[in-house]
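Residue numbers (this note's numbering), protein chains in the order written: chain A, 1 to 729; chain B, 1001 to 1197.
Simulated from the structure, these hints should not be mistaken for lab results.
We put the CB at the ideal spot given by N, CA and C, even for glycine.
Be aware that one or more of the hints could be misleading.
Straight line, CA to CA, 20 Å or less: simulated EDC-like cross-link-like pairs of lysine to aspartate or glutamate [what the hints assert, rightly or not]:
| # | chain 1 | residue 1 | chain 2 | residue 2 |
| --- | --- | --- | --- | --- |
| 1 | A | K577 | A | E594 |
| 2 | A | K39 | A | E174 |
| 3 | A | K133 | A | D99 |
| 4 | B | K1134 | A | E450 |
| 5 | B | K1134 | A | E249 |
| 6 | A | K40 | A | E174 |
| 7 | B | K1036 | A | E249 |
| 8 | A | K678 | A | E450 |
| 9 | A | K59 | A | E70 |
Listed below are several chain B residues computed to face chain A (Cβ distance under 8 Å; list not exhaustive) [as the list claims (entries may be wrong)]:
| # | residue |
| --- | --- |
| 10 | G1052 |
| 11 | T1056 |
| 12 | E1057 |
| 13 | P1070 |
| 14 | D1071 |
| 15 | Y1075 |
| 16 | E1137 |
| 17 | M1139 |
| 18 | Y1155 |
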Amino acid sequence: MDKVHIEIDGKKLEAEVGSMIIEVADEADIYIPRFCYHKKLSVAANCRMCMVDVGSLPKAVPACATPVAEGMVIQTQTAKAINAQKSVMEFLLINHPLDCPVCDQGGECELQDLSIGYGADVGRYSESKRVVKDKDLGPLIATDMTRCIHCTRCVRFGQEVVGIREMGATGRGEHMEIGTYIESSIESEVSANIIDLCPVGALTAKPSRYKARAWELRQSSSVAAHDCLGSNVYVHHRRNEIIRVVPKENEAINEVWLSDRDRFSYQALSEGKRLLTPRIKRNGEWHDTDWQTALNKVVAEMKRVIGASKGNDFGMLVGNSVTTEESYLAQKLIRGAGSNNIDFRIRRRDYSGDGSGMVRSGFNFPMEKLDEMDATLLIAADLRHEQPLSAFRVRRSTGFGQVMAINPFDGEYNFRLTHELQPETNLLAQEVAAVVAAADKICPDVLSAEAKEWLASVEFNQTHEKIASNLINSESSCLLSGVYVQEHPQAETINWLIESLALITSSSWGYMTQGCNAAGNKIAGAVPMRSAAGGKSKPGKNARQMITEGMKGYFLLNCEPDVESIWSEQALKNLQKAEYVIALTPFADGRALEYADVMLPIAGCFETSGTYVNVEGKWQSFGAAVAAQGEARPGWKVLRVLGNLFELAGFDYESSQQVINHLREKFDAVGDIRVARKIPSPLTLVDFNEATRESLGLYKVDPMVRRAKALQQTPKASTHHISISRVKT
Amino acid sequence: MTDLNYDQTLHLKNIVPQRAIEEIDLWIKKYPEERKRPPIIAALKVVQEHNGNYLTEETMQAVAEYLDVPDVAVYEVATFYSMFHLDKVGRYVISVCNNISCSLRGADKVIEQLQSRLNIRAGETSDDGLYTIKTVECMAACAGAPMLEVNKTYYENLTEEKIDKILSDIAAMELKRAAVRSTIDDAASIEPSEVKD
């Protein structure tokens, strides 16, 4: 890229040809005021706030829309620049209500900040101001459209980033308003990002409206817990209450965005029904008790049930958002107590691959690379509802690359597909196999003779060939499988097929996983076939066996199998039938009240320190933002004490940091062992009912999300509605 | 399952006649294929003509589907241009420019005169369904300010007398219409037996 040399406020800078003045200034830490410019959006140049003085030009020019040129001398503080900015500010304030004292944005408002620098003390405008009717944008976003300054960031976000344009500028001149198409609410799964984008108080967060002032809040870094990307967030809290959650910039993961699910799930903690003391059920009635009594009872019952069945009739089910520390201690506890029945994969049907593959599951390439793929093949990946932010990246790649899909269910895409195959769910493996066979025909020197024999009888058509050749001919390509693939009755076969296809086409591959910590849970050993860091373990029962076959005792670690599992009805029946059910949960509602015998209050997300390992294998540790409520304690501490009561060795940790360091050392010592997948048994036809996609739906994925009030009121909460997927921009 | 056979054009085809569709297609062809938004204005004009001179939610949605653009993009255009009407309008739509040149040359008075003569406010339609007064943005006739437009005819350099003349011309035309209509009605009411011979 060619460089030019420019000077801003006397600072000599080198800049890429074609970049705008404001970009160069931002990089050099020279502040230029702005409203409509945003680094992730296109240049609109409609607010005119970023006027700067360019030496050779007679008038001030907008820094966001003026490309740099060799020898340009730019001044941001001359009278010419400041006067232009002051005039713009005067215009912007003509119709602005200046109701900062009752505005939620007050204290963190770009308009307020800049009006201090550029606004006049007294307005010269004495005519009447206009008033704009507020729009109803649904339960997440509050509107005060009179405050809007028409920067159109929200409109551009929908059009450019999400790919679904819901907002628009209607009317003209003084009558221009920002709104949706005739009173429709906003339905996208990432809608609330427009709250962050809005430079004024026109769009604010409804759930936290009027709750606190920006300057009263304390900010803690954390990691979002509702999909496998591990988006970085800031938790804003006051007096030990979480007020809101906002994105923390991390270009490699969530960029500057956050999904609505990750943003508003905190409501379950501040407004949900929380379990505040340990409880024991006696004669069908719940009694509050102290920790000592409750823990002693738990240990006694575990010893009784495990002892009576040699560990066979007791098992532990681990929830979706359990931290790595917790699952590491949990598997240590149950293995130490004499049972290997532990699993977090309560939505998996096929366990034939246990013991092969990688220690962790996920991507073999960094997520950022999704942006740059010339060809992407989605396999049963409903990105928008499973990992909403990953869809942004795939969408970006459609600017130059192709995205193809093998999609057995209604997929709502926010990008255009170049090829789409739509098999029935039970024929998913056959369809992937056809692409592999087609690829093998084009590049016959890659697969082993054994694999070729397996593929010999697979038939394929032109579309399969086209997809295969696109992958082969693209410089960078990847295969991305959705959560459903791991729930499919032939998951192991499909995984093998995907990896074979990746091998032939030299593509990267990635498996999306359920929950935020599938990789961490697997590394920690919360699976029946392996202990921590891929260590050896006597085989125990897997989640399906535990749930469908029934057991005398269950240990539920922040897990509600009666809702989350694929066999939810059987789970409920067997939990009710069980002799003793121990539930560690932050919540005091749900069916656990019926089936559990003891409930131990543990800290929810943002209330405990811990580590999540995301789908790419990034270990992200975080501290507690607020303290747990009532008598509740972080899960890892409860498990540590249980380990001590069992008198097991290796439970003397003083902090979660020590726990994770210990696991990390173990993991680093062995590395990410990869056991080659075995060639699966010949492809059979699965029964249609056995392969249904029992999708949990966007806002039902874990106990916390299910209890987040505002999210549950959104149109998307009523699971998936069938609709036609079309991209319109 | 994504319905790949869903026909996005059906909705509009059911609302307007074939020749309207052909006219819209002609406009679509004038722009590069991947540019979906340019034909919105033309399509809305055609559809409005076939929909009693106004647009409804249904017609705007049908246009959006037909052109494969977001609903809101059509709505933006329909609300921006004053030639599009989002409510039922009178047979004579009187659009008065109130932008700077016309304002300086007395657009306020023009509006006032129209309002008092027709007994409706700007933005309203008379009960008999004949007149609608609209205030609009610049129509590029500043040299003849103040100006107004009745349906598709410009009237410039307005004076009180000129406006009276415009209104009485309309009224005269309406009287003629009414006379013609009543003859037709009379003719229709004549018994077939009476027209023998």
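Quick rundown of the hints versus the structure:
With a CA separation close to 11 Å, the supplied pair K577 (chain A) and E594 (chain A) stays within the 20 Å bound. Proximity of K39 (chain A) to E174 (chain A) is assessed by CA-CA distance (about 28 Å); at most 20 Å being required, the pair is judged violated. For a cut-off of 20 Å, the pair hint linking K133 (chain A) to D99 (chain A) stands: about 16 Å separates their Cα positions. Under the criterion of a C-alpha separation no larger than 20 Å, the hint pairing K1134 (chain B) with E450 (chain A) is inconsistent with the structure, at around 79 Å.
The straight-line distance between the Cα atoms of K1134 (chain B) and E249 (chain A) is roughly 49 Å, outside the 20 Å bound, and the hint therefore fails. At roughly 28 Å between alpha-carbon atoms, K40 (chain A) and E174 (chain A) are farther apart than 20 Å, so this suggested pair is violated. Note on K1036 (chain B) and E249 (chain A): the hinted pairing is violated, with a Cα-Cα distance of about 34 Å set against a maximum of 20 Å. Proposed proximity of K678 (chain A) and E450 (chain A) is supported: the alpha carbons are some 11 Å apart, at most 20 Å.
Restraint check for K59 (chain A) and E70 (chain A): satisfied, since their Cα atoms lie roughly 19 Å apart, inside the 20 Å limit. Among the interface hints, the one on G1052 (chain B) is violated; its C-beta lies about 19 Å from the nearest C-beta in chain A, farther than the 8 Å criterion. With a cut of 8 Å, the hint placing T1056 (chain B) at the interface with chain A is violated, because the nearest CB-to-CB distance is about 10 Å. At about 6 Å, the closest approach between the beta carbon of E1057 (chain B) and any beta carbon in chain A falls short of 8 Å, and the interface hint on this residue holds.
The beta carbon of P1070 (chain B) comes within 4 Å of a beta carbon in chain A, closer than 8 Å, and the hint placing it at the interface holds. For D1071 (chain B), the interface hint holds, the least distance from its beta-carbon to any beta-carbon of chain A being 4 Å, beneath 8 Å. With 8 Å as the threshold, the beta carbon of Y1075 (chain B) comes within range of chain A, its nearest partner Cβ sitting at about 5 Å, so the hint holds. For E1137 (chain B), the suggested interface contact is upheld, since its CB lies about 6 Å from the closest CB of chain A, less than 8 Å.
Residue-level restraint check for M1139 (chain B) is violated (minimum Cβ-Cβ distance to chain A is 13 Å; threshold 8 Å). The interface hint given for Y1155 (chain B) is broken, as the beta carbon of that residue sits about 23 Å from the closest beta carbon of chain A, more than 8 Å.
Of the hints listed earlier, those the structure fails to meet are numbers 2, 4, 5, 6, 7, 10, 11, 17, 18, in rising order.
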